[in-house]
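**Q** Sequence:
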Amino acid sequence: MRATILAGIVALGTRSARATESASQPEGGSATEPASQPEGGAATESAAQPEGGVESVAVADALVVEPGATCLEQDRLTEQVVGWLGADELDPRLTVVVEGDRIEARTLRFTLRDRGRVLAERTFAPGPSRCDDLHAVVALAIALAVDATVLESAGVKAPPVEPPPETTVPEPAPEPVLLETPAPDPTAGSPPHVDLTPRSRPWELRGQLRGLLAYGAPPDVAGGGMVGLELSRKSLIDLQLGLMATSAGARPVDGATLGVTLVGGRLDACAGPRLGEIRPRGCVGMIAGTALAEGRGFSRDFRIALPWVAGTFGADVRVGLTPRLRLSFGLDGLVTVVRPVFDVQEASGARTLRELPRFGALFGLGLVLVLR
463 MRATILAGIV ALGTRSARAT ESASQPEGGS ATEPASQPEG GAATESAAQP
513 EGGVESVAVA DALVVEPGAT CLEQDRLTEQ VVGWLGADEL DPRLTVVVEG
563 DRIEARTLRF TLRDRGRVLA ERTFAPGPSR CDDLHAVVAL AIALAVDATV
613 LESAGVKAPP VEPPPETTVP EPAPEPVLLE TPAPDPTAGS PPHVDLTPRS
663 RPWELRGQLR GLLAYGAPPD VAGGGMVGLE LSRKSLIDLQ LGLMATSAGA
713 RPVDGATLGV TLVGGRLDAC AGPRLGEIRP RGCVGMIAGT ALAEGRGFSR
763 DFRIALPWVA GTFGADVRVG LTPRLRLSFG LDGLVTVVRP VFDVQEASGA
813 RTLRELPRFG ALFGLGLVLV LR
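Just so we're aligned, residue 463 is where the sequence shown starts under this note's numbering, counting upward by one.
These are calculated hints, taken from the structure and not from any lab test. Incorrect hints may appear among the rest.
[Claimed, not checked] Pair ranges (Cβ atoms, derived):
(1) Leu675 with Glu817: 15 to 23 angstroms
(2) Glu817 with Leu783: 36 to 44 angstroms
(3) Leu691 with Ala823: 34 to 42 angstroms
Just so you know, these numbers come straight off a predicted model, no measurement behind them. The C-beta atom is built at its ideal place from N, Cα and C for all residues, glycine as well.
Build the full structure now, drawing on both the sequences and the hints.
**A** Below, the structure is given as structure tokens:
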């Protein structure tokens with residue numbers, strides 16, 4: 463960030479130096495005698511004014527800020543733009559429109575326009591995280607966009623320069639040198655602009671907390687929850703790792719009760735586009751864990767843990783609440799690969815009490831928080 467601002471200061475200093483050097487050599491090479499004003503000079507002066515008779519407009523009036531979810535402020539940004547430009551007025555034909563993203567607090571763009579025609583455009587995705595740095599970078603980018611090359615391409619004349627005071631012994635004026643200006647190349651595009659767009663961070667880390675309503679995992683209807691971390695690349699492809707647990711409580715079986723709890727780690731890969739504040743996703747994954755069973759009221763009560771593995775497939779939808787918080791809800795189907803079977807030992811031998819269904823479903827509702 464400091465290197466970016468320093469580069470902008472050097473660029474603005476170089477531009478000011480060029481303006482000072484050109485001011486020391488007036489047109490025609492005569493710097494000793496001011497040009498005599500012809501009759502009707504007032505009409506000539508007014509003819510040099512822009513259309514509408516307005517020579518300039520305040521930067522605050524030419525700057526339009528739509529902050530969206532960003533921390534940009536009109537007055538604060540105007541003050542910094544004036545500081546970078548060294549002037550508080552612009553040509554009345556120029557306008558600067560700054561538009562912040564409605565969801566992301568660090569994403570914005572601005573356009574420099576000449577009566578509606580776009581001269582320059584910059585996008586920050588994302589910009590600096592600190593609000594002070596964001597104002598400084600955007601103001602510097604606007605100041606560099608309102609450059610002499612952009613003003614000349616828009617047909618804006620340079621401001622008049624007052625001649626230096628007369629000297630007692632004028633020096634002979636040098637012979638004027640005529641420089642032939644090459645004809646513009648019609649095939650050439652617009653002049654290149656300095657790209658001030660910060661490098662976007664391709665990865666995003668999120669945390670999620672979700673409540674679960676399960677059917678068939680374990681048997682019957684059960685409740686539970688899930689907590690996990692998620693790594694996303696450009697909000698298109700997500701890889702999430704979490705820990706989940708569901709339980710149906712104790713259920714009656716042959717005059718006794720049997721309680722089954724499923725605990726497992728879950729790995730999912732999801733993908734989906736972002737449509738404004740809504741993002742639908744499709745997911746596939748796998749759950750690997752343990753089925754814990756506890757019997758009560760049998761001739762010999764028992765507690766046992768058996769392996770449990772299931773594949774998952776489903777979809778969810780995420781809705782942006784704030785730039786860092788999102789609501790998530792979705793439905794997953796379960797296909798049990800390793801099915802726990804719970805037996806009871808009787809005098810006549812082992813008898814199966816219950817086994818996990820082959821198929822099940824999970825409905826989830828929760829929140830997703832952007833960590834970085």
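**Q** Given a hint of 15 to 23 angstroms, does the C-beta separation of leucine 675 and glutamate 817 actually sit inside it?
**A** This hint holds: roughly 22 angstroms between Cβ atoms.
**Q** Is 36 to 44 angstroms respected by the C-beta to C-beta distance linking glutamate 817 and leucine 783?
**A** Since the Cβ atoms of glutamate 817 and leucine 783 sit about 42 angstroms apart, the hinted range of 36 to 44 angstroms holds.
**Q** So does leucine 691 sit 34 to 42 angstroms from alanine 823, Cβ to Cβ?
**A** 24 angstroms, violated
The structure is inconsistent with hint 3 alone, although it conforms to all the rest.
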